[in-house]
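Asker: Each chain is listed here by its residues.
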Amino acid sequence: MPKSPARRAGRPGARRYTRRDLVLLGVLLGIPILLDLALIWGPTLASVGLSFTTWDGVGDIRWAGLKNYDELFTSYPQFWPAVRHNLLWLAFLGLLAAPFGLLLAVLIDRGVRFSRFYQSTLYMPVVLSLAVVGFIAQLLLSRDQGALNAVLGGKNPTDWLGDPGINIWMVLLAACWRHTGYVMILYLAGLKSVDPSLKEAAAIDGASERQAFFRVVLPTLRPVNVIVGVITVIESLRAFDIVYAINKGRNGLELLSVLVTDNIIGEAGRIGFGSAIAVILLLVSLGFIVTYLVQELRGEQQR
Amino acid sequence: MSRRSLLRGAALGAGAVALPSLLTACGSGPSGVTMGSNASDAVPKKAFAAAFKAYEKKSKKTVRVNTVHHETFQENINRYLQGAPDDVFMWFAGNRMQYFAQKGLLSDISDLWRNFHGFTDALKKQSTGRDGKQYLVPYYYYPWAVFHRKSVFQEKGYEAPRTFDEYRALAKQMQKDGLVPFAFGDKDGWPAMGTFDYLDMRANGYDFHIALMSGQKAWNSPQVKQVFDLWRGLLPYHQKGANGRTWQEAAQTLAQKKAGMTVLGLPHPGQQFSVADRADLDFFPFPEIDPAHGRDAVEAPIDGFLMSKKAKDKEGAKDLLKFLATPQAEDIYLASDPNNIAVNSGADTAAYTPLQKKAVQLVAGAKQISQFMDRDTRPDFASTVMIQAIQQFLNKPDDIDGLVNDIERQKKQIFAAE
Chain A
1 MPKSPARRAG RPGARRYTRR DLVLLGVLLG IPILLDLALI WGPTLASVGL
51 SFTTWDGVGD IRWAGLKNYD ELFTSYPQFW PAVRHNLLWL AFLGLLAAPF
101 GLLLAVLIDR GVRFSRFYQS TLYMPVVLSL AVVGFIAQLL LSRDQGALNA
151 VLGGKNPTDW LGDPGINIWM VLLAACWRHT GYVMILYLAG LKSVDPSLKE
201 AAAIDGASER QAFFRVVLPT LRPVNVIVGV ITVIESLRAF DIVYAINKGR
251 NGLELLSVLV TDNIIGEAGR IGFGSAIAVI LLLVSLGFIV TYLVQELRGE
301 QQR
Chain B
1 MSRRSLLRGA ALGAGAVALP SLLTACGSGP SGVTMGSNAS DAVPKKAFAA
51 AFKAYEKKSK KTVRVNTVHH ETFQENINRY LQGAPDDVFM WFAGNRMQYF
101 AQKGLLSDIS DLWRNFHGFT DALKKQSTGR DGKQYLVPYY YYPWAVFHRK
151 SVFQEKGYEA PRTFDEYRAL AKQMQKDGLV PFAFGDKDGW PAMGTFDYLD
201 MRANGYDFHI ALMSGQKAWN SPQVKQVFDL WRGLLPYHQK GANGRTWQEA
251 AQTLAQKKAG MTVLGLPHPG QQFSVADRAD LDFFPFPEID PAHGRDAVEA
301 PIDGFLMSKK AKDKEGAKDL LKFLATPQAE DIYLASDPNN IAVNSGADTA
351 AYTPLQKKAV QLVAGAKQIS QFMDRDTRPD FASTVMIQAI QQFLNKPDDI
401 DGLVNDIERQ KKQIFAAE
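In order, the protein sequences belong to chains A and B. The first sequence begins at 1 in the numbering used here and counts up one residue at a time. The second sequence begins at 1 in the numbering used here and counts up one residue at a time.
Quick caveat, the hints were computed from the structure, so don't treat them as lab data. Mixed in with the good hints there might be a few duds.
[Said to hold, decoys possible] Below, computed lysine to aspartate or glutamate pairings styled on EDC-like, alpha-carbon distance capped at 20 Å:
{"hint": "1", "chain 1": "A", "residue 1": "K67", "chain 2": "B", "residue 2": "E408"}
{"hint": "2", "chain 1": "B", "residue 1": "K322", "chain 2": "B", "residue 2": "D177"}
{"hint": "3", "chain 1": "A", "residue 1": "K155", "chain 2": "B", "residue 2": "D111"}
{"hint": "4", "chain 1": "A", "residue 1": "K248", "chain 2": "B", "residue 2": "D188"}
{"hint": "5", "chain 1": "B", "residue 1": "K240", "chain 2": "A", "residue 2": "D163"}
Keep in mind it's a predicted model, so treat the numbers as computed, not measured.
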């Protein structure tokens, strides 16, 4: 007895693909997959591979085993500060800039006077590249000719950008200046979409404004929170341009991305060693990406 | 907030924007020889333009110049040479050139050298790769020394020190007189290397210095520690906050009579002085530390032109190089950039300023000529280890042992990779 026709008749949804469908599907799925492999996975795996070799970019590629990693962890003085600065960057943007952006969004959303003016002013830095923010920071903070020291006066001007104990904080402030506006705009859009009747219902139930915000409004902003979280992580891991514009990411402004370029792109040509740093950066990013994906998938299941 | 730093920022931004397109679009076509230029500062840029114009006029060929911001050009040299480099490009003599010659990225121009006149053997040696072939057309050089303003020295009755003790005493006196003894900026990472080189050559001699640069001596040796120790003794007289200041800003404080002296190369303070003040600029050789070595060595980096291996218009490039090796070509350049010295003995020195004449004497009297730390050692060592190490030293001058051990460990790894 032929089974399959009966089955097919029984389940009208599951239609078998014709040869043409398969070809079409193969092409449509295949091209992006090939591009993805060639442009993203290829270079990534190449970096991982190169990180176990020594190569100066011109001569022979020689296998070096874990030597690059060993050097990185034990005798490259810039490595651990760079890791710390990247994490500090993440903490600063995530714990200060993002909540501050939310606060501004809530204030503006409540319709204070001149709210449009505030909105556009706070958003303005976002249209600037971080490299430009770096140049502006130099104009403000340069030790001898900066505007800030000119205003403060004093006999011993502070070396805002040259003192390795201070400059990272100044750069973080400059980065926040931009990130806050970005976060604010995202939350403003989110707040506009919160159903006003929810707030009214909360008010009728006797919730204080604070309770209404934390128990009712914030949970409905969950999708926005996720987006803000993701862009904050991305911004902190790819941080580069602002410190490079200021002093090439040296002397207290080390970041992993800077070390990668220092070793690979500069006059140095230590491609194996630089790749090892890039792999570390990749692992850190993967940590965040995997956590995020796991959470998202779990959330999906619960919904 | 000065217009100058704004402009510099804008130039840097423009360089960063222009670079990728230059890297891909700088191949030579029928329109002439292409020239990769790192002369992004106004004075040398204009002077080079004059020299190339003279060549165009003479040969009826065109020279297409791709100017990239000075620091950016150096940072990208590796990628640049392997991508689509210009036919001819500006670069430096010494190890920093030999490194790229050894990698097979440069064209051998030994045939041109056979017909060159007016270059000393020392120049030829600095233009020669480790394989014994010539690669560089030297163009000009500029000695490093201790620069100061004549008027300030006259006014306060200072005298140029001969020994290190006199040097320290002078610095102390300047501080008493309300001057910053040493104008100092190391934001770009390299300017402080000049001070290290001189301290090392005066204390330990030229041979030790060159052996140290080529990786044969240990950085945690007592000799190197002594160099940092001597430097630490001078740091209280240096301008504070050097890591946040460019050499341009440092040279300006000398021009403004706020600082008494500065250790830089001839063009550096020269470019920051106004034309009216330029005659007031003077220098003395870096003072003696160990009488056994005296003031024998002079740091005088040589700049010149190289032909890339991938040059498309090889004949055109060689023709241009031939012209650039003539004394006339150097004269044209120096006419509008009087901050350097011609390398060709046939160059016209009649028009030299007194400062240039003094610089010629300084180099002529030198028993040895060094090129500069980032030219005498491997580029990867200079850029990934020494820049950071010296900046760290300037921040925390007290941990010399930790510093030199760090350097030595990294040096071993980098030099072992060869």
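Asker: Against the structure shown, which of the earlier numbered hints fail to hold, in ascending order?
Answerer: 2 and 3
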